[in-house]
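In the order they appear, the protein sequences are chains A and B. Note that the working numbering gives residue 249 to position 249 of the first sequence, counting from 1, and the numbers run on in steps of one. Note that the working numbering gives residue 49 to position 49 of the second sequence, counting from 1, and the numbers run on in steps of one.
The set of hints was computed from the structure by calculation and includes no laboratory data. There's no promise every hint is true.
[Said to hold, decoys possible] Some chain A residues well away from chain B (every beta-carbon gap over 10 Å; in silico):
#	residue
1	E48
2	G57
3	E205
4	P215
5	E243
6	T256
7	Y266
8	E272
9	K381
10	K383
11	L393
[As the list claims (entries may be wrong)] If you only want the chain B side, here are some residues facing chain A, beta carbon under 7 Å, derived:
#	residue
12	A11
13	G12
14	N13
15	P17
16	L75
[Claimed, not checked] When the alpha-carbon atoms are kept at most 30 Å apart in a straight line, the in silico DSS-like pairs for lysine-lysine are as follows:
#	chain 1	residue 1	chain 2	residue 2
17	A	K9	A	K52
18	B	K4	A	K231
19	B	K22	A	K231
20	A	K313	A	K388
21	A	K168	A	K298
22	A	K5	A	K254
23	A	K168	B	K61
24	A	K195	A	K254
25	B	K65	A	K209
26	A	K323	A	K286
27	A	K295	A	K354
28	B	K68	B	K4
29	A	K390	A	K295
30	B	K4	A	K209
31	A	K401	A	K381
32	A	K286	A	K387
33	A	K401	A	K383
34	A	K231	B	K79
35	A	K231	B	K61
36	B	K79	B	K24
37	A	K209	A	K286
38	A	K286	A	K298
39	A	K313	B	K4
40	B	K22	A	K209
Quick reminder that beta carbons are idealized off the backbone N, C-alpha and C, glycines included.
One-letter residues, chain by chain:
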Amino acid sequence: MTAVKRIPKDQIAIEGLTGDAAIAHALKQCDLDVLAAYPITPQTIIVEDYQKFAANGEVHCRVIPVESEHSAMSACIGASAVGARVATASASAGLALMWEILYCAASMRMPIIFTVANRALSGPINIHNDWSDTYGARDSGFIQIYTQSCQEAYDTTIMAFKIAEDHKVLLPIMVCIDGFILSHNVERVEMLPTKAVENFLGVREPFIKLDPDNPITMGPLALTDYYFEFKEQQERAMEAVPEVFAQVETDFEKMTGRRYGMFEEYRTDDAEIIIFTHSTPGGTAKATVDVLREKGEKVGVLRLRMFRPFPTKEIVEVVKNAKAVIVFEKCRSFGAPSNPLALELRTALYDLEKRPMVVDFVIGLGGRDCPPTTIVEGYEKTKEYLKKGKAPLYETMGVRK
Amino acid sequence: MSEKYNEIPMAGNIIEPGNATKYKTGGWRAQRPIHTDETCLWVKNGTCGLCWIYCPDNSVKLIEKDGKYIYEFDLEYCKGCGICANQCPTDSIRMENE
Ligand code: SF4
Ligand code: SF4
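With these hints in hand, go ahead and build the complete structure from the sequences.
What follows is the structure, given as structure tokens:
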């Protein structure tokens with residue numbers, strides 16, 4: 001890779017793209033060797049568009065139309081093992097069918113990029129957005145990055161390869177967009193020239209690969225005597241992510257002027273109440289906060305991007321002086337004391353002597369709309385809880401009960 | 001087996017082909033095969049060898065030396081599965097508790 005330079009405006013293509021199309025375009029420019037995927041709503045357009053590029057000879061990539069998601073991830077691992085740059089896409093039930101192989105991809109240290117259009121899980125069967133699918137996979141060993149806009153999805157997909165393929169990391173990454181809300185809505189996207197993306201990423205240099213002239217075995221058995229040590233290796237790789245992530249973002253910023261961070265802070269500086277969420281509700285929350293601020297409310301938003309590894313220390317720094325943190329999350333962990341995002345936050349805050357109150361709202365399951373009024377309702381409730389000095393561990397909002 | 005996490009290859013990759021020989025499966029054995037020369041077709045005339053074909057751990061050693069046929073087990077790797085005893089057409093192998 002040569003030094004990264006700012007790309008002049010006249011070389012940037014501006015198009016109206018859906019989230020899916022933005023990701024497909026990013027993948028097109030990332031010089032993939034193999035893409036193996038099975039269609040599933042609302043991800044289908046990613047693979048559909050990419051197959052068109054392949055059919056038109058616009059990419060030099062082997063597209064494998066497999067018979068299931070289990071096979072898709074398996075084919076990705078096989079290709080990644082020989083040193084290929086590999087991507088796949090899925091959602092919901094498709095992601096669930098990959099389950100076993102997700103863990104193989106992560107533990108075998110395959111830098112596969114897996115774009116996910118977040119969608120509710122069955123049943124009842126539902127094609128709309130919530131985060132149950134990837135939240136369920138939060139312990140699979142994948143890095144998880146959640147994006148809010150089509151531009152961010154495009155940029156993050158490109159950066160993901162550079163993070164995953166770094167020899168300090170070598171872990172697969174889920175790049176997540178909200179199904180339909182982002183996957184099917186058109187936004188303005190600035191696209192880099194393909195040469196610039198190729199220059200930014202370079203060719204993947206595998207740390208180790210399957211090679212008939214130099215035979216090795218990947219993915220063998222490890223029992224009581226070694227398994228634990230390999231899990232330790234995986235954890236260390238996760239710990240290396242923030243540093244590599246920051247370096248990749250710095251290079252990307254030089255090229256584009258854009259940088260996102262592990263999370264976005266929006267008007268949090270003097271905020272007494274901070275809203276903690278991610279993906280598209282992050283955008284809704286920011287717009288709502290602007291209105292609340294005009295009314296004199298001291299409120300801000302912490303929009304998470306990286307859920308795995310969870311930026312624990314950094315988040316504590318942002319929220320520790322707030323009176324309350326309001327979590328809005330689109331997932332219910334049935335039978336749990338609260339829900340995945342709030343559980344992480346509460347664990348992060350537990351050791352503080354003086355902690356902000358954490359209020360957890362489960363919203364938008366199965367794609368139930370989450371308009372700004374949802375945010376305002378949660379905000380008003382939180383102010384009540386602050387007055388009382390007590391809040392429930394979690395509550396659902398927007399359900400008829 | 002005392003290596004730390006950073007002293008072993010990444011992800012359990014086996015970078016030295018054939019190193020399974022370092023893993024002595026004989027330690028798994030609860031029963032050991034006992035062979036009888038008298039009825040064994042290999043010892044008689046150098047034929048059969050079914051036990052040798054079926055043994056999953058290459059632990060049956062059929063040896064030819066000075067025109068004689070010799071029969072041995074490699075107990076470092078024999079895991080005592082009893083497949084040889086099951087396959088033998090002349091009941092020349094029986095399994096005995098360790
Ligand atoms: S008991 Fe099993 S491992 Fe041992 S020699 Fe017979 S077949 Fe081979
Ligand atoms: S199967 Fe029985 S008869 Fe045949 S070689 Fe083995 S021990 Fe001898």
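Hint by hint, here is what the structure shows:
1. With a minimum CB-CB distance of about 33 Å to chain B, E48 of chain A clears the 10 Å threshold, and the non-interface call stands.
2. The beta carbon of G57 of chain A is kept farther than 10 Å from every beta carbon of chain B, the shortest such distance being approximately 36 Å.
3. The Cβ of E205 of chain A lies farther than 10 Å from every Cβ of chain B, with a closest approach of about 15 Å, so its non-interface assignment holds.
4. Listed as outside the interface, P215 of chain A is inconsistent with that label: its C-beta sits roughly 5 Å from the nearest C-beta of chain B, within the 10 Å cut-off.
5. The beta carbon of E243 of chain A is kept farther than 10 Å from every beta carbon of chain B, the shortest such distance being approximately 18 Å.
6. The Cβ of T256 of chain A sits about 33 Å from the closest Cβ of chain B, beyond the 10 Å cut-off, so the non-interface label holds.
7. Chain B leaves Y266 of chain A outside its interface by the beta-carbon criterion, the shortest separation being 39 Å against a cut-off of 10 Å.
8. At roughly 44 Å from the closest C-beta of chain B, the C-beta of E272 of chain A stays outside 10 Å, upholding its exclusion from the interface.
9. Residue-level check passed: K381 of chain A sits 46 Å from the nearest beta carbon of chain B, beyond 10 Å.
10. The Cβ of K383 of chain A lies farther than 10 Å from every Cβ of chain B, with a closest approach of about 48 Å, so its non-interface assignment holds.
11. Look at L393 of chain A: its CB is around 36 Å from the nearest CB on chain B, clear of 10 Å, so calling it non-interface holds up.
12. Proximity of A11 of chain B to chain A holds as hinted, the smallest CB-CB distance being about 5 Å (cut-off 7 Å).
13. Proximity of G12 of chain B to chain A holds as hinted, the smallest CB-CB distance being about 5 Å (cut-off 7 Å).
14. Because the closest C-beta pair between N13 of chain B and chain A is about 5 Å apart, less than 7 Å, the hint holds.
15. The interface hint given for P17 of chain B is met, as the beta carbon of that residue sits about 5 Å from the closest beta carbon of chain A, less than 7 Å.
16. Against a cut-off of 7 Å between C-beta atoms, the interface hint on L75 of chain B is violated, since the closest Cβ of chain A lies about 22 Å away.
17. At roughly 28 Å between alpha-carbon atoms, K9 of chain A and K52 of chain A fall within 30 Å of each other, so this suggested pair holds.
18. Distance hint between K4 of chain B and K231 of chain A is fulfilled; the C-alpha atoms sit about 12 Å from each other, no more than 30 Å.
19. Straight-line distance between C-alpha atoms of K22 of chain B and K231 of chain A comes to about 23 Å, which keeps the hinted pair within the 30 Å bound.
20. Annotation: proposed proximity of K313 of chain A to K388 of chain A holds, straight-line Cα distance about 29 Å (limit 30 Å).
21. Our distance criterion of 30 Å between C-alpha atoms is broken by K168 of chain A and K298 of chain A, whose separation comes to about 41 Å.
22. For a cut-off of 30 Å, the pair hint linking K5 of chain A to K254 of chain A stands: about 6 Å separates their Cα positions.
23. As the CA atoms of K168 of chain A and K61 of chain B are separated by approximately 47 Å, the hinted pair breaks the 30 Å bound.
24. For a cut-off of 30 Å, the pair hint linking K195 of chain A to K254 of chain A stands: about 15 Å separates their Cα positions.
25. A distance of roughly 44 Å separates the Cα atoms of K65 of chain B and K209 of chain A; the hinted pair therefore is violated under the 30 Å criterion.
26. Simply put, K323 of chain A and K286 of chain A have alpha-carbon atoms about 19 Å apart, close enough for the 30 Å limit, and the pair holds.
27. With a C-alpha separation of about 28 Å, the suggested pairing of K295 of chain A with K354 of chain A holds against the 30 Å cut-off.
28. The straight-line distance between the Cα atoms of K68 of chain B and K4 of chain B is roughly 49 Å, outside the 30 Å bound, and the hint therefore fails.
29. A C-alpha spacing of about 25 Å is found between K390 of chain A and K295 of chain A, which places the hinted pair at or below 30 Å, so the restraint holds.
30. The hinted pair formed by K4 of chain B and K209 of chain A meets the criterion: a straight-line CA distance of about 23 Å does not exceed 30 Å.
31. Only pairs whose Cα atoms come within 30 Å are accepted, and K401 of chain A paired with K381 of chain A is accepted, the gap being roughly 17 Å.
32. Straight-line distance between C-alpha atoms of K286 of chain A and K387 of chain A comes to about 24 Å, which keeps the hinted pair within the 30 Å bound.
33. For the hint pairing K401 of chain A with K383 of chain A, the CA-to-CA distance comes to about 22 Å; that is within 30 Å, so the pair holds.
34. Between K231 of chain A and K79 of chain B, the direct Cα distance comes to roughly 29 Å. Compliance with the 30 Å bound is thereby established for this hinted pair.
35. The straight-line distance between the Cα atoms of K231 of chain A and K61 of chain B is roughly 39 Å, outside the 30 Å bound, and the hint therefore fails.
36. Of the pairs offered as hints, the one joining K79 of chain B and K24 of chain B holds, with about 9 Å between alpha carbons and a cut-off of 30 Å not exceeded.
37. With a C-alpha separation of about 45 Å, the suggested pairing of K209 of chain A with K286 of chain A is violated against the 30 Å cut-off.
38. For the given pair, K286 of chain A sits about 13 Å from K298 of chain A by alpha-carbon distance, which is consistent with the 30 Å threshold.
39. Pair hint K313 of chain A plus K4 of chain B holds up; C-alpha atoms about 28 Å apart against a cutoff of 30 Å.
40. For the hint pairing K22 of chain B with K209 of chain A, the CA-to-CA distance comes to about 23 Å; that is within 30 Å, so the pair holds.
In this structure, the earlier hints numbered 4, 16, 21, 23, 25, 28, 35 and 37 are contradicted, and the remaining ones agree with it.
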